Every structure is written in structure tokens, then in C-alpha cells.
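Protein chains: 2
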Amino acid sequence: MTKTKIGIVGLGLMGGSFSIALQETSDAFYFIGLDHNKDHCKEALKLGLVDEIAETLNEIKICDVIILTIPVDGIIAVAKALTDIDSQCTIIDFGSTKKKISESIPAEIRKNFVAAHPMTGTEKFGPSAAVKELYDGKVVVLCDMEKSGSYQQEVAKDLFSAIHMNLVFMGAEEHDRHAAFISHMPHALSFSLANSVMRQEASTSIVALAGGGFKDMSRIAKSSPNMWEDIFRQNKSNLLEAVYSFQSELKKCQRMVENEEWENLNKWMKDANTLHDIL
Amino acid sequence: MTKTKIGIVGLGLMGGSFSIALQETSDAFYFIGLDHNKDHCKEALKLGLVDEIAETLNEIKICDVIILTIPVDGIIAVAKALTDIDSQCTIIDFGSTKKKISESIPAEIRKNFVAAHPMTGTEKFGPSAAVKELYDGKVVVLCDMEKSGSYQQEVAKDLFSAIHMNLVFMGAEEHDRHAAFISHMPHALSFSLANSVMRQEASTSIVALAGGGFKDMSRIAKSSPNMWEDIFRQNKSNLLEAVYSFQSELKKCQRMVENEEWENLNKWMKDANTLHDIL
Chain S
43 MTKTKIGIVG LGLMGGSFSI ALQETSDAFY FIGLDHNKDH CKEALKLGLV DEIAETLNEI
103 KICDVIILTI PVDGIIAVAK ALTDIDSQCT IIDFGSTKKK ISESIPAEIR KNFVAAHPMT
163 GTEKFGPSAA VKELYDGKVV VLCDMEKSGS YQQEVAKDLF SAIHMNLVFM GAEEHDRHAA
223 FISHMPHALS FSLANSVMRQ EASTSIVALA GGGFKDMSRI AKSSPNMWED IFRQNKSNLL
283 EAVYSFQSEL KKCQRMVENE EWENLNKWMK DANTLHDIL
Chain L
43 MTKTKIGIVG LGLMGGSFSI ALQETSDAFY FIGLDHNKDH CKEALKLGLV DEIAETLNEI
103 KICDVIILTI PVDGIIAVAK ALTDIDSQCT IIDFGSTKKK ISESIPAEIR KNFVAAHPMT
163 GTEKFGPSAA VKELYDGKVV VLCDMEKSGS YQQEVAKDLF SAIHMNLVFM GAEEHDRHAA
223 FISHMPHALS FSLANSVMRQ EASTSIVALA GGGFKDMSRI AKSSPNMWED IFRQNKSNLL
283 EAVYSFQSEL KKCQRMVENE EWENLNKWMK DANTLHDIL
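Chains S and L are the protein sequences, given in the same order.
Sequential numbering from 43 applies to the first sequence in the working numbering.
Sequential numbering from 43 applies to the second sequence in the working numbering.
Please note that a few of the clues may not be correct.
Stated by the list, open to error - Output of the computed footprint for chain S on chain L, the stretches with three or more beta carbons under 8 Å from beta carbons of chain S:
id, stretch
1, 162-173
2, 257-265
Claimed, not checked - Using 16 Å as the maximum straight-line C-alpha spacing, the simulated EDC-like pairs for lysine to aspartate or glutamate come out as follows:
id, chain 1, residue 1, chain 2, residue 2
3, L, Lys257, S, Asp258
4, S, Lys312, L, Glu283
5, L, Lys278, S, Glu303
6, S, Lys278, L, Asp319
7, S, Lys278, L, Asp106
8, L, Lys45, L, Glu94
9, S, Lys278, L, Glu302
10, L, Lys141, L, Asp115
11, L, Lys278, L, Asp115
12, L, Lys180, S, Asp258
13, L, Lys45, L, Asp81
14, L, Lys312, S, Glu302
15, S, Lys293, L, Glu150
16, S, Lys264, L, Glu300
17, L, Lys278, S, Glu302
18, S, Lys257, S, Asp115
19, L, Lys257, S, Glu165
20, L, Lys264, S, Asp115
21, S, Lys257, L, Glu150
22, S, Lys278, S, Glu216
23, S, Lys103, S, Asp128
24, S, Lys278, L, Asp115
25, S, Lys264, L, Glu302
26, L, Lys264, S, Asp313
27, L, Lys166, S, Glu300
28, L, Lys257, S, Asp319
29, S, Lys84, S, Glu94
30, S, Lys278, S, Asp115
31, S, Lys88, S, Asp106
32, L, Lys278, S, Glu305
33, L, Lys189, L, Glu165
34, L, Lys278, S, Asp313
35, L, Lys293, S, Glu165
36, S, Lys166, S, Glu94
37, L, Lys264, S, Glu283
38, S, Lys257, L, Glu165
39, S, Lys166, L, Asp319
If you are wondering where the hints come from, they were derived from the structure by calculation, not from laboratory data.
Model, not experiment: these values are computed from the prediction.
Beta carbons: idealized from backbone N, C-alpha and C, even for Gly.
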């Protein structure tokens, strides 16, 4: 049996975990990896995340499926260099913003392209961060699917279903608004929280008292600045809207404490509790 | 052998977990519980968190050690009703703010009193939330210890060491400033984050996309409004200072995104990453 060739461009947490998860489902896949970081290439090979390493993007073009697990700006650049792929090839990007990507894909391969955002990750990165359960039971948002070919839609749905993801379909614009609230703005908060504590003279003594709450809230402040600079740039207006909305809530809280409106504060906290009726 | 009598006022997560943890270390303890919630009393008895239930505070006064695991305002009220305890009795409060408590304890029992803040918890509450590992390996801050009798200092240190906590000593004022940054302000953020998402028209579709980052950051927005109203009230000025400091960092982030200062933003994120060199 000929194996399905999967090209993975970007051998980090997302690409590596995708390979491990697929390998768990079947041995019908053959993985070819590409990464500009040569250490990551060696490591990915050693960890069994890929079967071989490609030297150039050209060697990836023969794949049946090409996964782009690189920063958003890189996805657009790589897509533009893939215009001569086979008409049956499926390219799936895992970028965290979708509108600019969905609109920037060259028309001649737009049907080959599936814009996906798996809503999962950890603060770690690089091939050694890859884990088999990263995608298990998590949501993947598939955007602007009407722009993808029906064959490519099926390939993408089959792959994500095989690794036990829950498929959600949405327009790219709606996705970007939602992702700003559920992921991008919370990252801005976590970075701000870490910086506000680190700017204190007593930062070391303060951090020595950290319990679970602070650890959870500051965890994503470990995330890659390069990756998040890219996401903030691509989703600027939605991110800012979400930040303003958050600031307005925190301002309410601040005012209620300043004015000692304890009953209103209590009610406002009860409102926040309702999140967990739907989460 | 006569067992050491431990009175637990407040049969919730903190008091219940303390009992389970102590029971793991030895069978030399006898637990008497008190709670104004009769269902919690029955549940605590059934779960084995206590050996008997007291009807009034008077029945607790015969204990060798009295643990106050109730909201901060309640701690001060109960301490004022304990002025006729035995001179050897040790009272330990687990309140999240310490200055007002440390200063409000009646002079005649100040030596009996130890002001402690175990830096642990979960968003759950009530006797059924109690777990044996809540305190294991966590920090407990012991405040203004020079105001406690030397016998009572030893009792408290022995108990917290027995359940494998790391002891940190600090003035109550310093504790309250630190706790504002590491615990109280992060709770204000989490409540604000939950409310900012819940106020969106599409809140349900947004929340459907929640990954680990959002779940971690909104977890403590489940916390008890009554407990946190009390903490915010007692630590008002430190909380506000921490909130202002956070707001200034988030404002920096906002401005850099608005003005597209990507290089500065990247550097600011790298600064945030440094938190994890000390955490």
C-alpha cells in the first residue's frame, strides 16, 4: 500500500504533536518535515516526528497533504510559493488568525487550501514540546470552507476527526473576532500581569508566594514573543476591541472598590460566575 | 494517650482539607467542627472531616488548637468572642488578608493568636471540596510572629510543617501588599475577563472555542463572591495599587498595538517571559 505523504512545514509543538497523533491512528502515513532551524530538524527526526527531512520547499510539493505549522506571516509567504502543486494536494494551515490568510492565498490554489485553527497549545515550543494528546477532544475551527475544494474539505475533516477533534465551522472574520476574546486578549492580560509583577521592587518575594491562581494566569506569559507579535499584528483591530472591552470591566471593578460599592461588586462577581454555566 | 483537640470553625475547602491532611500524619488528633451552615456540618461529619459537631463557639473553647477557616470579617468577630480561652490555647486564622486581622485581635489573646495565610486553594468550596493534597508543598505565610507567644509559634510551625508546607515569615503589611499582586488583583482580572466575554452578544459561540489558556485564566472567576468581596474590602488600597500597576502595563501593550510598534511589543513580551526565570 502506498502511504499518504504528509509534509509538515514547521517542526514545533503543533506540527510535531499532529504527527504523533496521526501515527497513533494508523501507520499509513509518511512524514516529510521542513524547518529553517536545523537543530529542530535533527531533533524531529530523532524523536520520530518525521520520517525524513526536506532541504527545500520543492521536496514538500510531492506530498498529498501539506501542513503549515509556522507563524501567520510565514504561512502566507509559503502559500505563495506553492502555486505549482498537484490539483489533488491539500494544504492546511494551523494559524491563529484566519481572515488575512484566507484572503491572501493565491487564487490558483485557493481550492487546495483549508484554513484551520486548532484551539489548543501549551506555552512550550520546539519539537521536544510535542505530545500525542495535544489535539485530543479539542476544538478545531475550520474557516471559509466554501472556498476550499470539496475533496480538500473531506481530507481536512477526516484528518482532524481521526485525531479526535471537535469540528466547528465559521467564517474567517467571525473566527478572528472570537479568537481575539478567547485567546489573543487573554495572552495580552497574561503578559501584562507578568510585567506588572516583575516591575515591582519586591518581585522575587512576591513571586515566592505564588499559588495555583497566579501560576495559571501567568502560564501563557511564557509564550513565544515572535509568534504573538505576529498574531497581534494580524488581528490588531479585533484584539484592541477585546482589550477595550476587558478594560471597561476592570474599570468597573476598580470604581466599585474605590467607592466601596460592595453590594454591586458582589453582584458583578456573581455575573462572572455565570461563565461557568457555559464552560 | 489524650488526643490533641483541634477545633475547626468553618467547614469548607480550607478547614476540611486541613483536617484530612493532619489525619494523614497521625491519629493523635480529635476534630470538633463548627459552621453556621447545618448541611455543611452534616456533610463534614459524614465525610470524616470532623469527629463531632459543636453547636456553639463555647464548645470549641476547650480545644488545644482552634483553626479559623472563615471569611476575614468573620475571623475578627470570632476572635473577639474567644477572649476567655485557656492561656495555652493556640488560635490560627487562615484569612487571605492579614494586617486588619493582626491588629484587631483583642490584646488579652494576641499571644494565643497566629496569623497565617496558606497560599493555596481551588475555586471550589464547601466540605465536599476538601482534598488531602491541598497544602502539600505549598507556601504558608506566617505574619507578625513576634506578636504570638513562643509556645503558639511552635504549635503553628509544627502543624504546618507536619502537612508539608513551606513556611515563610513576613510582616502583615508586607504580606498584604504582596498578596494583592500575587492573588487579589489576579482574581479581579479573572472576574473582569469572564464578564467581558459574557457581555458579548456571541458569548456562547466565543466560549465554545475556549482552549487551555482561557480555561486557566477564567478558572478563578468561579470563586465565591462573598469571600472575595470581603478580601477586596479588607485589602482595598493594596488591591487598587496592584490594579493600577496592571492597567498601566496593559495600556502600554494597547498603545504599542495601536501604534504598530512591533519591535517594542516583542521586547515587552520578552520582559514578561522573564517571570518564569523565578517562578
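Comparing the hints with the structure gives:
1. 162-173: It holds, with 3 qualifying residues against the three required.
2. 257-265: holds (count 9)
3. L:Lys257 - S:Asp258: Status holds; Cα separation ~9 Å.
4. S:Lys312 - L:Glu283: violated (24 Å)
5. L:Lys278 - S:Glu303: holds (12 Å)
6. S:Lys278 - L:Asp319: Violated: Lys278 of chain S and Asp319 of chain L sit about 29 Å apart, past 16 Å.
7. S:Lys278 - L:Asp106: violated (61 Å)
8. L:Lys45 - L:Glu94: holds (14 Å)
9. S:Lys278 - L:Glu302: Holds, at about 9 Å.
10. L:Lys141 - L:Asp115: holds (12 Å)
11. L:Lys278 - L:Asp115: holds (14 Å)
12. L:Lys180 - S:Asp258: holds (15 Å)
13. L:Lys45 - L:Asp81: The hint is violated at about 27 Å.
14. L:Lys312 - S:Glu302: violated (37 Å)
15. S:Lys293 - L:Glu150: Violated, at roughly 43 Å.
16. S:Lys264 - L:Glu300: Cα-Cα ~23 Å, so violated.
17. L:Lys278 - S:Glu302: Status holds; Cα separation ~9 Å.
18. S:Lys257 - S:Asp115: violated (31 Å)
19. L:Lys257 - S:Glu165: holds (14 Å)
20. L:Lys264 - S:Asp115: With Cα atoms ~37 Å apart, Lys264 of chain L and Asp115 of chain S exceed 16 Å; violated.
21. S:Lys257 - L:Glu150: This hinted pair is violated, its Cα atoms lying about 40 Å apart.
22. S:Lys278 - S:Glu216: holds (14 Å)
23. S:Lys103 - S:Asp128: Within the cut-off at roughly 8 Å; holds.
24. S:Lys278 - L:Asp115: violated (44 Å)
25. S:Lys264 - L:Glu302: Distance of about 22 Å is beyond 16 Å: violated.
26. L:Lys264 - S:Asp313: Distance ~10 Å between Lys264 of chain L and Asp313 of chain S Cα, so the pair holds.
27. L:Lys166 - S:Glu300: Not satisfied, since the Cα-Cα distance of roughly 28 Å exceeds 16 Å.
28. L:Lys257 - S:Asp319: holds (13 Å)
29. S:Lys84 - S:Glu94: Satisfied, since the Cα-Cα distance of roughly 10 Å is no more than 16 Å.
30. S:Lys278 - S:Asp115: Cα-Cα ~14 Å, so holds.
31. S:Lys88 - S:Asp106: Given pair Lys88 of chain S, Asp106 of chain S is violated - Cα atoms ~23 Å apart, limit 16 Å.
32. L:Lys278 - S:Glu305: holds (15 Å)
33. L:Lys189 - L:Glu165: It is violated: about 32 Å lies between the C-alpha atoms, which goes past 16 Å.
34. L:Lys278 - S:Asp313: Distance of about 21 Å is beyond 16 Å: violated.
35. L:Lys293 - S:Glu165: violated (23 Å)
36. S:Lys166 - S:Glu94: violated (24 Å)
37. L:Lys264 - S:Glu283: The hint is violated at about 24 Å.
38. S:Lys257 - L:Glu165: Between Lys257 of chain S and Glu165 of chain L the Cα gap is close to 14 Å, so the pair holds against 16 Å.
39. S:Lys166 - L:Asp319: Holds, at roughly 14 Å.
Taken one by one, the earlier hints fail for this structure at numbers 4, 6, 7, 13, 14, 15, 16, 18, 20, 21, 24, 25, 27, 31, 33, 34, 35, 36, 37, listed in ascending order.
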